[in-house]
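There are 6 protein chains.
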Amino acid sequence: MPEYQTLLVEQHDKVAHVLINRPEKVNAMNAAFWDEIVQVFGWVDQTDSVRVVVISGAGKHFSAGIDLAMLAQAAAGMTTDIGRNAERIRRNILRLQASFNAIDQCRKPVIAAVHGYCLGGAIDLISACDMRYSTPDAQFSIKEIDMGMAADVGTLQRLPHLIGDGMMRELAYTGRMVDGHEAARIGLVNRTWDSHAELLEGVLALAAEIASKSPLAIRGTKEMIRYSRDHSVEDGLNYIASWNAAMLQSEDLKLAMTAHMSKKSADFAD
Amino acid sequence: MPEYQTLLVEQHDKVAHVLINRPEKVNAMNAAFWDEIVQVFGWVDQTDSVRVVVISGAGKHFSAGIDLAMLAQAAAGMTTDIGRNAERIRRNILRLQASFNAIDQCRKPVIAAVHGYCLGGAIDLISACDMRYSTPDAQFSIKEIDMGMAADVGTLQRLPHLIGDGMMRELAYTGRMVDGHEAARIGLVNRTWDSHAELLEGVLALAAEIASKSPLAIRGTKEMIRYSRDHSVEDGLNYIASWNAAMLQSEDLKLAMTAHMSKKSADFAD
Amino acid sequence: MPEYQTLLVEQHDKVAHVLINRPEKVNAMNAAFWDEIVQVFGWVDQTDSVRVVVISGAGKHFSAGIDLAMLAQAAAGMTTDIGRNAERIRRNILRLQASFNAIDQCRKPVIAAVHGYCLGGAIDLISACDMRYSTPDAQFSIKEIDMGMAADVGTLQRLPHLIGDGMMRELAYTGRMVDGHEAARIGLVNRTWDSHAELLEGVLALAAEIASKSPLAIRGTKEMIRYSRDHSVEDGLNYIASWNAAMLQSEDLKLAMTAHMSKKSADFAD
Amino acid sequence: MPEYQTLLVEQHDKVAHVLINRPEKVNAMNAAFWDEIVQVFGWVDQTDSVRVVVISGAGKHFSAGIDLAMLAQAAAGMTTDIGRNAERIRRNILRLQASFNAIDQCRKPVIAAVHGYCLGGAIDLISACDMRYSTPDAQFSIKEIDMGMAADVGTLQRLPHLIGDGMMRELAYTGRMVDGHEAARIGLVNRTWDSHAELLEGVLALAAEIASKSPLAIRGTKEMIRYSRDHSVEDGLNYIASWNAAMLQSEDLKLAMTAHMSKKSADFAD
Amino acid sequence: MPEYQTLLVEQHDKVAHVLINRPEKVNAMNAAFWDEIVQVFGWVDQTDSVRVVVISGAGKHFSAGIDLAMLAQAAAGMTTDIGRNAERIRRNILRLQASFNAIDQCRKPVIAAVHGYCLGGAIDLISACDMRYSTPDAQFSIKEIDMGMAADVGTLQRLPHLIGDGMMRELAYTGRMVDGHEAARIGLVNRTWDSHAELLEGVLALAAEIASKSPLAIRGTKEMIRYSRDHSVEDGLNYIASWNAAMLQSEDLKLAMTAHMSKKSADFAD
Amino acid sequence: MPEYQTLLVEQHDKVAHVLINRPEKVNAMNAAFWDEIVQVFGWVDQTDSVRVVVISGAGKHFSAGIDLAMLAQAAAGMTTDIGRNAERIRRNILRLQASFNAIDQCRKPVIAAVHGYCLGGAIDLISACDMRYSTPDAQFSIKEIDMGMAADVGTLQRLPHLIGDGMMRELAYTGRMVDGHEAARIGLVNRTWDSHAELLEGVLALAAEIASKSPLAIRGTKEMIRYSRDHSVEDGLNYIASWNAAMLQSEDLKLAMTAHMSKKSADFAD
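Residue numbers (the working numbering), protein chains in the order written: chain S, 585 to 854; chain D, 585 to 854; chain W, 585 to 854; chain P, 585 to 854; chain R, 585 to 854; chain E, 585 to 854.
Treat the hints as calculated values from the structure; they're not laboratory data. Please note that a few of the clues may not be correct.
Repeated chains share a single entry, so a pair holds when one copy, or any two copies, can fit it.
[What the hints assert, rightly or not] The calculated lysine to any residue pairs, modelled on SDA-like cross-linking and capped at a C-alpha distance of 25 Å, are:
id, residue 1, residue 2
1, 838, 763
2, 598, 763
3, 644, 847
4, 644, 689
5, 848, 758
6, 598, 675
Just chain S, same shape as in the assembly:
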């Protein structure tokens, strides 16, 4: 199991559980965090025995978002040439975006389990996950607006696909707190569980169920839904036809069919 400064990784059978692990800093995202997110999802992508990832926060909260010390440091490195500053800032933002793109592009489903604060950069993070679940007392806020800036690590691009354009703008312009109940009503999370313990139990059970399906079928499904988000229906239909032209010759299909006929569960290769 890989070890990190800011993340704790556990493996439960086929499910990896990644905890953001700076509870004394409300799991604020520092420079090490952004690098380690890329590393851990690289490890996930290459480790065949991991089929689903759950991400949650250690301690009382999910995460308070980007570590302000990191912003202060970036500010300190500015020069007097505005153009060169701009190029440097742009590359920094692209690097932060790359961390959460690693979640979005991970070939395996990633599920966020949120309790307590989920602020600013943490909204960017969960927007890049496949699904989101929370406790009723979770607190969500697009806090960037109160930093005097537009969110730039994915919230404004991915969240409208979850909650619709109208509510999106209210939350992004005001930064107001949304609790778990409202989050479930507007589609920000799929459902809530009553306590942190029940949330983790529920989400890990869901993850285990997904891990029991054909891994090739899950990957194809994720790739198609991601592709459809950015392409026309016609392009999407064409793409799945080419993809399945090979995948339907896989052993998994035969295994699944046989299991289906015999009412047993199939045991798919990694």
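Chain S is fixed; fit chains D, W, P, R and E onto it per the hints.
Structure of chains D, W, P, R and E alone, referenced to chain S:
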């Protein structure tokens, strides 16, 4: 009225009611079905007296999805050249997709009325319809995942526009059953009626109401909503401007205006 | 404060309140209205002291949509050359669209507060706003279908992003009335307030709150959400990175940071 | 070999040669022609022994474009309702477009060999082919402009990809005649041969060479070039990766490798 | 005839000839010029008797590009808030772009006739025209690179459609001079005439020929080519079908047909 | 200077010269090559003193394309599960594509200097470069077709932007050899030099000239041309406006202006 092996077609005034008619096989979609869907919607497109289509299932269920015998037959036809197999599978998938594209592209609104099982390929079918209504005890499931495959006849492309990206992934990864109440809450159906009889009565009344509107206006509206799904707002605005440049010179506009002024209902030409 | 025939403009601190002001005609949109909408949003865009706009209806209703007298006049101007008529109609539609594009493209948030009737062209108008709120007894209807035409001033392009594809088609095909409660449930409005007075008070307070945020951050956020509506996630991420490369060098960021640290509110330059 | 009223089909080994065969009418495209083009390319698509198609004109010319009698007949069928006329015209245009889409979408390469007149609709036709070759005295003209209309069967969409935007507009606005030499210089044809006989011999030899390659590889290549015309580089790269995932497991690859090593020519299955 | 500070407008029958008229400043583009370009093309769009525009330079050159005094003035207006500067610069660039967008979007063809220098902003200008012609000794250069900046008024977006991606980059990275002969070879101009007088005579004759065609057909053709530049072939085909649904009912078609039959020239209404 | 197994890197002032260095194997691309290409362009991107890259072949040829031993090895690793094979092949292709994407996405211009053979994968490589130059006796061929496969490392996506759709298909379907003269005529290379020595001298001089320009301006120009290849003109204009909002505040602009006024050359910071 055309006759089919797997479909039963009734016409109520301006509304065609298409029933999937293999109740003894839970309305499973066999080879004849995929061909006849293309034929019946070709007939709908060319028959001026039909203005709206309702599609439902004969017997106790809407449909259990693709007929497994059809998959078995396809599997039996495989050769030892993987490349040629792939091309053949790809063409088969494109052909199945074409059947439901015929619903999506039909110039007239198509409304699904769902009771009982609506599984696998049946979700692909209703995703291609204009609207969906059900009984509370309807049972929806993206069952392809349990066949060891990614759905490839349109669900993954069209359904996210109905239920949002977050719930989409949960249902596609797990294949879990959704009943009519939840379907209404997440946007999969627009509303429920309490029994199968009330559902059919309600949907046929809705269809009759749509059939009383100007057919040119309905077709233009459907074309624009379909186009907007896959294009930018700006492209969409440009397209409707060109379209209406001719349509606003139609007689229907004058008829509708006159009817509106005199508080009577207009009687539009087919 | 600019003065208009069909609009009344008030300014409350940093918030402009635009009232559609033809109550004796149920605020129907006549030729002057379409011109003045462009003018008032041009004034908003250039007036630094205005940061947020609220739009509502004077009298008992929001608006009954386009003035039928205007359509009659357009009809009277038709010649016998259908091609030239078509070009003229097309340009007229593009001109009407430009009026509501001025709302959509306005650099500052525009919030609709709806009570009473909101019909036909009024739906096109509120679809182009950033957010929508209403009383429970507001009455929404895509009435164009009963005029024998497809809506052509933005409803069919923008509304699906708010209420999903399935409900969109039902409302566009039938033109049925939706009240405020249902509007809130399907995402057409973000919430309701119980009376017209409470609605205005609530929306103006919300507008004032948004006006207290960094105006550069609000503009960037609006631009990004609009851009994301029509582009892929990847394009959107790239765009915000280039945008923020300059914006993160702004004074607003420092002001906001300082305010955040000292728990005071920042006072941003216009 | 199928037989047609307006087309003559010959097969030379793996190459089908389709001649437009109304020489007494300068090969003008009548109603039968537009249907038979769909039929012949349907036959080509399904006939494994045909791997490449050459299309040329019988008699002294390639084709003078659409038969004016057909336009006159369409004009005669007009009613007094402009909206219904518009819908009918639109469907007629879509049907004509479908005829040349059958060429564009044909899975096998289609090569045009042009001598004499190639006017109006004939430019639409050759724009939908894979490659074009001519005699020096061929005469090309986008003649639609002299009919008082914008070309609507594909020229304006496909030709800019061949000759660039600047020359495209000159030819479309003026309808001026371009001979074979200029056509070769601007990219409208790939090269010229000096006489009609040499042209046919040269093009049939080229077609035979393409027919000797792996048919799966040729189809994949055509599909990718067509796709790249309408998509981003990134989408194109993703698509070919999925496509080749199956195709690189084909026998053709092994055959080609073996042939390459032994300096012999491979004999691919149809 | 409208009068301007920096432009001279002549009308020859149906052709407007716009001369950039600051010969003592090598026709450098000052603030007045950018405004007047919008005005003159607004006038062209609304003046039915103008059907084609020719644009050339008064004196010895076409234009040396943007007036450096204008840049100096912009530089002088900078504040110390980089974010607000950025927003101001962005709006200024969008305003300059709007000037040449007015050429690109003008409903009537615009032809550039180039002699002498055509540098920097002048390349942006001619890239937005429909066609370009020059003398052999014309001198073209993407001079922005030597100002330490990327061209931002349209060259980098529109020129690749004319000269291909490979030559585009060489010229944009080096700013090297291209003469008329090379310009014709790479597609930057359609052809050359030997002297300034012959160039103007040739281009005006070409413009007059285009002006004799059906103005509706010319506008439709320009709209379709512009649309196809930014859309897929399929979208383009759909668009022209809707467009022509109305346009083919125009009188121009009948006039053109009759003229064609009788071998006379048609006289189209403006 | 970094050292590699398959590449040789020299630095001439601000220009890096990368030589493919397996002359005894005709510079065939083996596994080490594909990795090292990523490394060398990573080094280029991060090394401020390198502003332009030239890539050429050591010995008598540019490159014969992918090493057949690498394909044989890949073939040997196949399992009996076609679905899992497909996923593995797909990932391998994506990895090969990533190597040449590193060239395409490199922030600094990359120029190919080609002599001798340039076959198969080598065409994919030079298609990803900014510009291409060659000797007259260079030999270009899209050789993949003779391997029984469609090219899958970028040729089919990028080359049509250089040589047009018509010639593209001829070369891709036939794999025929094109020499340097023809390559220059069709736009595959920008020009030729007569000998290998003159080619290198000419290309290095060109590279040095580009290296003397503002590096920020060159990067912005490359980014905009790449972006425009895959986006609409309108999107491209919007993007450059946001980009230059920061870049026009750079020191380089002032330096370039001063140099321009004084007719001296500017000395830009890295």
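Taking the hints in turn, this is what the structure says about them:
Taking the shortest Cα distances, residue 838 and residue 763 never come within 25 Å of each other, neither inside one copy (45 Å) nor across copies (29 Å). Within a single copy, residue 598 and residue 763 get their C-alpha atoms no closer than 31 Å, and across copies no closer than 29 Å, so neither meets the 25 Å cut-off. When the C-alpha separation of residue 644 and residue 847 is checked against a cutoff of 25 Å, the pair qualifies only between copies, where the shortest distance is 23 Å, while the shortest distance within a copy is 42 Å. Taking the shortest Cα distances, residue 644 and residue 689 never come within 25 Å of each other, neither inside one copy (29 Å) nor across copies (42 Å).
In the homo-oligomer, the alpha carbons of residue 848 and residue 758 lie at most 25 Å apart only across protomers (16 Å), although the nearest pairing inside one protomer, at 51 Å, exceeds that limit. For a Cα distance limit of 25 Å, the shortest separation of residue 598 from residue 675 across copies, 22 Å, qualifies, whereas the shortest one inside one copy, 36 Å, does not.
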